[in-house]
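Undergrad: The chain contents come next:
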Amino acid sequence: MATASFESGAAETANRSRALRAALRRLAAKLARSWPFIAFFVGFFLFWEYSIDWFGIPAYILPKPSEIVTKSAADFDRLLYYTYVTGVETVLGYVAAVIVAVPLGLAIAFSSILRRTIYPFFVSIEMTPKIAFAPLFISWLGFGLLPKVIIVFLVCFFPIVLNAILAFGSLPEELERFVRATGAGPLRSFMKVRLPAAMPQCFVGFKYAAINATVGATIAEFIGSDQGLGFYIQIVTGNMRPDLAFAGIFLLTLLGLSLFGIVTVCERLAIPWHISQRRRH
Amino acid sequence: MGSAIELTQVSKSFDTVDGAVHAFGPADLTIAPGEFVSLLGPSGCGKSTVILMIAGLLAPSHGAIRVNDRPVVGPQTAIGIMFQDNTLVPWRTVRGNIELQLELRALDKQRYAERITRMIKAVRLDGFAERQPFELSGGMQQRAAFCQALVHEPDTLLLDEPLGKLDAMTREGIRVDLQALWLERRPTVVFVTHSIEEAIQLSSKICVITPRPGLIDRVIDIDLPWPRNLEVKKSPTFASYLGMIQEIFHGYGVF
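Protein chains in written order, with this note's numbering: chain A, 1 to 281; chain B, 1001 to 1255.
Next comes chain A alone, as it looks inside the complex (with noise of 0.2 Å):
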């Protein structure tokens, strides 16, 4: 009995002890995988350390990394908020672009009478830079969210519709052949072919303009604003202050990281099977 038990403990051990490693070796190739990458990004910030005092670069024009925590430590209430300012817009501008854009590329890629009127539209308004527009509509809107949500939309919008346009306008020819012969009604064969079709595509232009969200609520808050992290760079700057203002652009980088890390993920529970999903070994 006793024998037993101990067998059974010491089985269960060794169980445990290769699960363990088993872990580890994961990590292990993980890390063996990604360490250039660490190791540069450590690199870098070691050198951004040390050069400003070899260099004898005053703090007033490029603070240590490690200045940069520590200072805008003291004043991490208003950079959390007004993360959460910048976040919001962004995020608003970008749902809505989403929401927006999606149903009208799918509208362009099936009206024939679309595609001739707004579609040419669209791609000569796609060259003008959205940014230049923002100043107007903070004169009209003034310093509040909507003008900044508005600016986000805009930013966000054209390479989505482009993109939608691109992906339901171009289902291969035998597939639609295919479609077509079973008899299939319209949302029928949406439904099962020509929307899953699309979704690499959508996700092309999802993803670009997931990148420039946070470029577009930035500017907007750069011309006219009284909150967020746009703001702040600007104010901070003024005061001579290069670390908090630093502070400020690591918030939105990670705010941009964030929100293409969402789309990033919800691409992969979209389209699992896409090529650009499949694992590589």
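Hints in this document: simulated from the structure, not taken from any laboratory.
This one's a predicted model, so the numbers in the text were calculated from it and none came from an experiment.
Mixed in with the good hints there might be a few duds.
[Claimed, not checked] No farther apart than 20 Å at their CA atoms in a straight line, the calculated lysine to any residue pairs in the SDA-like style are these:
#: 1; chain 1: A; residue 1: LYS30; chain 2: A; residue 2: PHE41
#: 2; chain 1: A; residue 1: LYS192; chain 2: B; residue 2: LYS1165
#: 3; chain 1: B; residue 1: LYS1205; chain 2: B; residue 2: ILE1245
#: 4; chain 1: A; residue 1: LYS207; chain 2: A; residue 2: GLY256
#: 5; chain 1: A; residue 1: LYS192; chain 2: B; residue 2: PRO1211
#: 6; chain 1: A; residue 1: LYS64; chain 2: A; residue 2: PHE45
#: 7; chain 1: A; residue 1: LYS192; chain 2: B; residue 2: GLY1096
#: 8; chain 1: A; residue 1: LYS192; chain 2: B; residue 2: THR1237
#: 9; chain 1: B; residue 1: LYS1165; chain 2: A; residue 2: GLU173
#: 10; chain 1: A; residue 1: LYS192; chain 2: B; residue 2: GLU1103
#: 11; chain 1: B; residue 1: LYS1109; chain 2: A; residue 2: ARG188
#: 12; chain 1: A; residue 1: LYS192; chain 2: B; residue 2: ARG1105
#: 13; chain 1: A; residue 1: LYS192; chain 2: B; residue 2: PRO1075
#: 14; chain 1: A; residue 1: LYS192; chain 2: B; residue 2: ARG1092
Assemble the complex: chain A is given as a structure, and chain B must be docked to it using the hints.
TA: Frame of chain A, contents of chain B only:
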């Protein structure tokens, strides 16, 4: 038994920027139920155009097509079509792709579940039902597409060079499968190919089509025993058909 197909003075030209391009016809063709007819001709002779017109996916410029004595005016949903590029979608498994045909036709998947399993086995894809298309070789993909085209039990098959992109060994394997299926169920098959040997091996009748604009120049009945196995392919009659048709294309200046 399959459908009867009749083409009367059918021709097709396409409008392009440089004016109309005459692609096919005018041609007459009568296909009896249960026949295996190959459209044999060089690239660009309008063979695929004929398939699309019979399927009702492309309207002829002139002439009329009748399937089972009814004029073709829109997509013919009772048939099965297979294209040179397969119509497997990447977001579904092999089984899911076969089911797509049923779902698009609003047919009950459950009722066909057993049939799908049997078909997958028949084309030697058992064990691959839950795989994604990209995990399959080209030949396996085409065999899956074959199941997709046939799952709804069409009595007429339009096959537009379905083996065109496969290697010779895989082609031979699928030809054998296709012939076995045809002998068992006797659907009407219209098969587009540019391989003379393939046409002789599979067909009860071969339509020889001239280079552009495609015209049905000769209709040759292939009188060889079924199934056309290796033995038949080595026979002198097979070789004489081969020689005769090669000579016809040589006459066109194709080779």
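Undergrad: Mind listing which of the numbered hints don't hold for this structure, in increasing order?
TA: Numbers 2, 5 and 8, in rising order.
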